[in-house]
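Student: Add chain A to chain H, keeping to what the hints say.
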Amino acid sequence: MLMLTCPYCGIDADETELTPGGQAHLTRETVGSDDDTFESYLFMRENPKGVHFERWRHSYGCGKWFHAARCTVTLEVFGTYSAQTTEPPKEICDKISGKRPGWSWGSFS
Amino acid sequence: MKRYSAFAIAREAARYHAGWERAWAARTPKGKYDVIIVGAGGHGLATAYYLGRNHGITNVAVLEKGWLGGGNTGRNTTIIRSNYLQDPSAAIYEKSRSLYETLSQDLNYNIMFSPRGVMMLAQTHHEVRGYQRTAHANALQGVKTEYITPKRVKELCPIIDIDGPRYPVLGALWQARGGTARHDAVAWGLARACSDMGMDIIQQCEVTAVRQSGGKVTGVSTTKGDIDCDKMGIVVAGHSGVLADMAGFRLPIESVALQALVSEPIKPCMDVVVMANTVHGYMSQSDKGEMVIGGGADGYNNYTQRGSFHHIEETVRALIETFPMISRLKMLRQWGGIVDMTGDRSPIISKTPLEGCFINCGWGTGGFKAIPGSGWGMAELMAKGASPLTDAFTLGRFREGRFIDESVAAGVAH
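From first to last, the protein sequence lines are chains H and A. Heads up: the first sequence at position 8 corresponds to 8 in UniProt numbering, and the numbers run straight through without jumps. Heads up: the second sequence at position 340 corresponds to 340 in UniProt numbering, and the numbers run straight through without jumps.
Chain H extracted, bound-state conformation (with noise of 0.2 Å):
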């Protein structure tokens, strides 16, 4: 069973205690966007194979929405981290850079 660790309360809870949101870092688009940017923001989705950003919320916890760094072809867990923020935290991106080399996520690398 896949296991996060909250970043918020610090519990390392079981999938089943968390709900999965999906891609991570959307920006969202609003009036003016124009229909490119849009489309990608509603419908087009990062889906590698390797190294994934996404949102998960502590539903039957704090109830908190986090991020988490994971491989989401071998299920190891990079690690998590604030949902406040727009990119992933360096020391995070640098351990992903040490066992997958290379990596390159949306604009992230």
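Keep in mind that a hint or two might mislead.
[What the hints assert, rightly or not] Listed below are the simulated SDA-like cross-link pairs for lysine to any residue, each with C-alpha atoms no more than 25 Å apart in a straight line:
{"no.": "1", "chain 1": "H", "residue 1": "K99", "chain 2": "A", "residue 2": "A209"}
{"no.": "2", "chain 1": "H", "residue 1": "K49", "chain 2": "A", "residue 2": "F249"}
{"no.": "3", "chain 1": "A", "residue 1": "K95", "chain 2": "A", "residue 2": "G343"}
{"no.": "4", "chain 1": "H", "residue 1": "K49", "chain 2": "A", "residue 2": "R166"}
{"no.": "5", "chain 1": "A", "residue 1": "K267", "chain 2": "A", "residue 2": "P158"}
{"no.": "6", "chain 1": "H", "residue 1": "K49", "chain 2": "A", "residue 2": "Q203"}
{"no.": "7", "chain 1": "H", "residue 1": "K95", "chain 2": "A", "residue 2": "V316"}
{"no.": "8", "chain 1": "A", "residue 1": "K154", "chain 2": "A", "residue 2": "K95"}
{"no.": "9", "chain 1": "A", "residue 1": "K216", "chain 2": "H", "residue 2": "K99"}
{"no.": "10", "chain 1": "A", "residue 1": "K95", "chain 2": "A", "residue 2": "R75"}
{"no.": "11", "chain 1": "A", "residue 1": "K351", "chain 2": "H", "residue 2": "E39"}
{"no.": "12", "chain 1": "H", "residue 1": "K99", "chain 2": "A", "residue 2": "T208"}
{"no.": "13", "chain 1": "A", "residue 1": "K224", "chain 2": "A", "residue 2": "E264"}
{"no.": "14", "chain 1": "A", "residue 1": "K216", "chain 2": "A", "residue 2": "E206"}
{"no.": "15", "chain 1": "A", "residue 1": "K351", "chain 2": "H", "residue 2": "F43"}
{"no.": "16", "chain 1": "H", "residue 1": "K49", "chain 2": "A", "residue 2": "L354"}
{"no.": "17", "chain 1": "H", "residue 1": "K49", "chain 2": "A", "residue 2": "S114"}
{"no.": "18", "chain 1": "A", "residue 1": "K330", "chain 2": "A", "residue 2": "G198"}
{"no.": "19", "chain 1": "H", "residue 1": "K49", "chain 2": "A", "residue 2": "F309"}
{"no.": "20", "chain 1": "A", "residue 1": "K351", "chain 2": "H", "residue 2": "S40"}
{"no.": "21", "chain 1": "A", "residue 1": "K216", "chain 2": "A", "residue 2": "G356"}
{"no.": "22", "chain 1": "A", "residue 1": "K216", "chain 2": "H", "residue 2": "D36"}
{"no.": "23", "chain 1": "A", "residue 1": "K351", "chain 2": "H", "residue 2": "G106"}
{"no.": "24", "chain 1": "H", "residue 1": "K99", "chain 2": "A", "residue 2": "Q305"}
{"no.": "25", "chain 1": "H", "residue 1": "K49", "chain 2": "A", "residue 2": "W335"}
{"no.": "26", "chain 1": "H", "residue 1": "K49", "chain 2": "A", "residue 2": "S350"}
{"no.": "27", "chain 1": "H", "residue 1": "K95", "chain 2": "A", "residue 2": "T304"}
{"no.": "28", "chain 1": "A", "residue 1": "K65", "chain 2": "H", "residue 2": "V73"}
{"no.": "29", "chain 1": "A", "residue 1": "K65", "chain 2": "H", "residue 2": "C71"}
{"no.": "30", "chain 1": "A", "residue 1": "K65", "chain 2": "A", "residue 2": "P168"}
{"no.": "31", "chain 1": "A", "residue 1": "K65", "chain 2": "H", "residue 2": "K95"}
{"no.": "32", "chain 1": "A", "residue 1": "K2", "chain 2": "A", "residue 2": "S104"}
Please keep in mind that the hints were generated in silico from the structure rather than gathered at the bench. None of the values given here were measured: they were computed from a predicted structure.
Tutor: Here is chain A on its own, set in the frame of chain H:
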């Protein structure tokens, strides 16, 4: 190709079965093909088959990373039905179901199509209304389904407890000509027919890059060397995102794990397929006597071909309430497949931003039933540039807001 028949069995029995030939040839790739299909699952092979049969295009290679039919084609719960809500879905799934009726004869390969009837239980008042609506829609679409009472449910499937305390059976959507087929046989039969038309089916040949020039596809690089082509079809289900990335475009798709399991074989107890969407479970009995059970999909991206155990627990827990007699059954095997989910739970059969490159993906949790219809439409699209079966399922429909919304129609996995 030597035809399979009762006479052939007698002939081979008389000579120690020494005369059976390989069902499909193992070939090495040529340098150039008219069409390359990536993915030798059901949909890829059906595309190749109808390219040859309906459009006379036989200079075709079907490339497969693993082994033929080893992905979702060999991992599904083999249900065939066409009781969808939206018109474009009903059209392609009903085409597919009707092709399944004669596929054994067309392929000269017994795919064991068994139109035993598919029953989708309504266990909440929302489902009652939803399935009545679907039954009315199906009547307009020319798809033969009916909404039946709990009493009729009990007659058709006596092992159901229709008075379950948590999820009573309030009715069901019944499609008498739905059913099951042998999933491996569909892939094997199509592969044999393709090989007979002179197509090359190349297994253990992974595509590593899509080569292009001036916005047009020119070929692929593979683990067995470079292969040129005029047109290319990507039909790789869960790995659609990986291939789209190589071809340089994005998809509105996320890949997740979907699981199924089978029990030990028991005596015949159920001769219909039952789907219970409220509790995310569906069940049928195989010819060997195993109860084949499908569950819900995981909610997060995954390429591991195994799912979360708690989904099995949820599925089985709910099914035990509806089918109390299975509570003592031992489960033999459990497995997962990677399904490609779109936002509206309808497939994408479309041209792509790369000229000459077509994609058939997004079948999500319900691709097996669509294999012949999907192949028929995809082949027409690749040969002629358009197909009435697939024209609604474009990649551009999300941007244009023309969803074919089956997620609302079915609620869950379908």
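Student: Would you mind marking each hint as holding or not holding in the structure?
Tutor: To see whether the hints hold, each was checked on the structure:
1. H/K99 to A/A209: Roughly 24 Å separates the two Cα atoms, so the pair holds.
2. H/K49 to A/F249: Measuring from Cα to Cα gives roughly 16 Å; hence the hint holds.
3. A/K95 to A/G343: holds (24 Å)
4. H/K49 to A/R166: violated (40 Å)
5. A/K267 to A/P158: Holds: A/K267 and A/P158 sit about 14 Å apart, inside 25 Å.
6. H/K49 to A/Q203: With Cα atoms ~21 Å apart, H/K49 and A/Q203 stay inside 25 Å; holds.
7. H/K95 to A/V316: violated (39 Å)
8. A/K154 to A/K95: Outside the cut-off at roughly 30 Å; violated.
9. A/K216 to H/K99: Between A/K216 and H/K99 the Cα gap is close to 36 Å, so the pair fails against 25 Å, i.e. violated.
10. A/K95 to A/R75: Holds, at roughly 23 Å.
11. A/K351 to H/E39: holds (17 Å)
12. H/K99 to A/T208: holds (22 Å)
13. A/K224 to A/E264: violated (41 Å)
14. A/K216 to A/E206: Holds: A/K216 and A/E206 sit about 21 Å apart, inside 25 Å.
15. A/K351 to H/F43: Answer holds: A/K351 to H/F43 is near 18 Å, not above 25 Å.
16. H/K49 to A/L354: Judged against 25 Å, a Cα distance of about 22 Å means the pair holds.
17. H/K49 to A/S114: violated (37 Å)
18. A/K330 to A/G198: It is violated: about 45 Å lies between the C-alpha atoms, which goes past 25 Å.
19. H/K49 to A/F309: It holds: about 21 Å lies between the C-alpha atoms, which stays within 25 Å.
20. A/K351 to H/S40: holds (18 Å)
21. A/K216 to A/G356: holds (6 Å)
22. A/K216 to H/D36: holds (21 Å)
23. A/K351 to H/G106: holds (24 Å)
24. H/K99 to A/Q305: holds (22 Å)
25. H/K49 to A/W335: holds (19 Å)
26. H/K49 to A/S350: holds (23 Å)
27. H/K95 to A/T304: Within the cut-off at roughly 22 Å; holds.
28. A/K65 to H/V73: Within the cut-off at roughly 16 Å; holds.
29. A/K65 to H/C71: At roughly 21 Å apart (the allowed maximum being 25 Å), H/C71 and A/K65 satisfy the hint.
30. A/K65 to A/P168: Roughly 45 Å separates the two Cα atoms, so the pair is violated.
31. A/K65 to H/K95: violated (31 Å)
32. A/K2 to A/S104: holds (15 Å)
The structure fails hints 4, 7, 8, 9, 13, 17, 18, 30 and 31 (numbered hints given earlier, in ascending order).
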